[in-house]
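Just so we're aligned: the sequence shown equals residues 0 to 528 in numbering that gives the first Met the number 0.
In case anyone wonders, no lab produced these hints; they're calculated from the structure. Just so you know, these numbers come straight off a predicted model, no measurement behind them. Among the hints, a few may not be true.
In the DSS-like style, the derived pairs of lysine-lysine whose C-alpha atoms are separated by at most 27 Å in a straight line are [said to hold, decoys possible]:
no.	residue 1	residue 2
1	Lys76	Lys148
2	Lys335	Lys277
3	Lys277	Lys353
4	Lys396	Lys76
5	Lys186	Lys148
6	Lys396	Lys186
7	Lys335	Lys285
8	Lys186	Lys76
9	Lys285	Lys353
10	Lys186	Lys151
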Amino acid sequence: MLVGAHSGRLRKALAVAASALVAGTGLVASASAQPAAEPVSWEKCDPADLSGVPITQRHLFRCATYPVPIDHDDPSKGTVELAMMRRAATSPDQRIGSLFLNPGGPGGSGYNRPTTAVDRFDPAVLERFDIIGFDPRGVNNSDPLRCFKSAKQAEEVLGRISSVPVTDEQISTTMDAYQEYGESCAKNAGELLRHMSTEDVARDLDLMRQGVGDDRLNYVGFSYGTLLGATYVNLFPERSRAIVLDGNVDPALRTSDGVQYDRERAQGFELALDGFLKRCAENPGKCAFGDGDPRAKFDEIRDHLREEPITMPDGTEITLDQFTDSTGSALYNPEKFRQLATDLQSLHRQLNPKPGLVPELLTVLNVPTGLGRLDAAPDAESSYVDDSYFAVNCTDKPMPAEPERVAEIAARWEAESPTFGRSQAFSDLAGCATWPETTADVHRGPWAHQAENPVLLFGNSYDPATRYEFSRRMEQQLGNARLVTVEAHGHCILGGRSSCADTIAANYLIDLEVPEPGFVCQPDEQPFS
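Work out the full structure: start from the sequences and follow the hints.
The following block contains the structure:
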């Protein structure tokens with residue numbers, strides 16, 4: 000529990016009382032005319048939340064719980080307590096304002112982001128801005144949305160879901176489990192389930208901006224956080240100063256046709272995989288999987304796993320689910336490419352044994368992960384204690400409530416995206432087909448914002464989770480925006496992987512400078528270089 004919870008409950012009670020007065024007048028607040036927000040009451044953080052921060056730096060940090068309405072159009076329904084953390088600007092006399100961060104997901108926890116700000120931003124940014132991290136509504140420390148009454152109940156249902164079901168039995172079991180998941184959410188999640196849209200979070204963000212005393216918002220959003228930034232700048236253009244979006248979604252497609260969006264997302268993972276395999280083939284001396292034809296070898300492994308698991312010499316069993324999830328996860332972070340290549344070579348060697356050659360122990364392909372379905376940045380913390388991932392996506396992304404169609408769509412996607420098409424269909428499409436209907440407001444456009452300053456975008460050429468084409472579309476849809484292309488692998492770029500990109504971001508945040516159209520950055524290091 001956060002320090003200051005008692006004062007948070009007092010503020011919550013005051014907010015509810017004030018909301019009742021507003022409700023009694025018959026007034027309804029719109030996105031462009033929200034009521035004035037109360038100031039954030041900063042207090043000392045729980046020491047456990049600062050465990051990775053040097054003792055000499057801990058005085059910079061403060062934490063808070065901040066109440067926002069569950070339903071912005073009907074504040075009488077109560078409030079959600081948002082968990083916030085602030086790292087104070089180190090040159091307060093030159094302070095520009097606050098800089099809010101969102102790591103993506105949806106469902107990624109941003110609360111602790113300020114503790115690693117020194118690794119993410121140019122020192123000049125840390126001098127001029129208070130860095131603000133927060134957990135969005137329904138996530139982690141911010142009144143987590145929960146569909147199950149216990150972890151045991153959750154495991155009984157979620158444990159039956161296969162990420163890449165192939166047989167009729169696997170498909171049936173998976174879809175039955177998703178049906179139970181949706182029914183449990185409808186029964187247990189409460190009023191919050193009906194108010195989990197990105198528009199709801201953008202309106203929360205505007206209240207937090209007012210609460211910290213800023214006239215206009217400064218914001219950096221990664222991956223799904225780019226949808227939050229694009230939504231905010233269109234709802235509140237006059238309140239937007241500097242908006243940086245890294246690893247962009249296609250906002251128009253995501254909020255108008257969730258099926259096509261996820262189909263193209265699967266294609267993005269395939270493009271990233273192709274980029275990894277080609278890079279490996281070009282550097283056989285530094286890539287353990289580079290000898291022969293890496294593409295053919297990879298397909299051989301995948302196709303074998305579609306029929307049966309592979310058992311390694313140490314007894315580790317690799318299934319198609321594990322292989323697909325872990326490969327997708329490794330593609331998020333180029334620092335894992337060498338390990339991924341070594342693991343792939345070990346699997347291939349196990350399928351094609353040679354005397355005297357023993358496969359090496361696996362290091363990344365045997366690690367359970369759910370990251371491959373998220374839009375979060377590769378270092379984002381994600382929690383499955385809450386169920387915010389589906390709550391947000393099934394609200395924002397229009398999906399047909401037709402579970403009987405999922406298997407056919409999965410087969411079609413698999414034909415064009417043989418590694419990731421099936422798994423993508425059996426994630427959001429399957430989960431949302433049985434999700435409870437919600438009444439949340441969703442911003443579905445227009446996207447051409449009227450803010451004074453351009454939005455700064457970064458897009459990697461081989462981004463698996465948010466393909467480069469999505470960044471190009473974001474630039475076109477926002478109108479007043481500037482895209483920086485980074486010829487890099489992995490998901491998102493800011494935070495030490497490209498000095499070029501980090502410098503551009505710092506200059507924009509501080510001085511509102513943007514590069515020329517068509518500007519291209521390089522990463523500081525390419526895989527297998």
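List of violated hint numbers, smallest to largest: As far as the earlier hints go, not one is violated by this structure.
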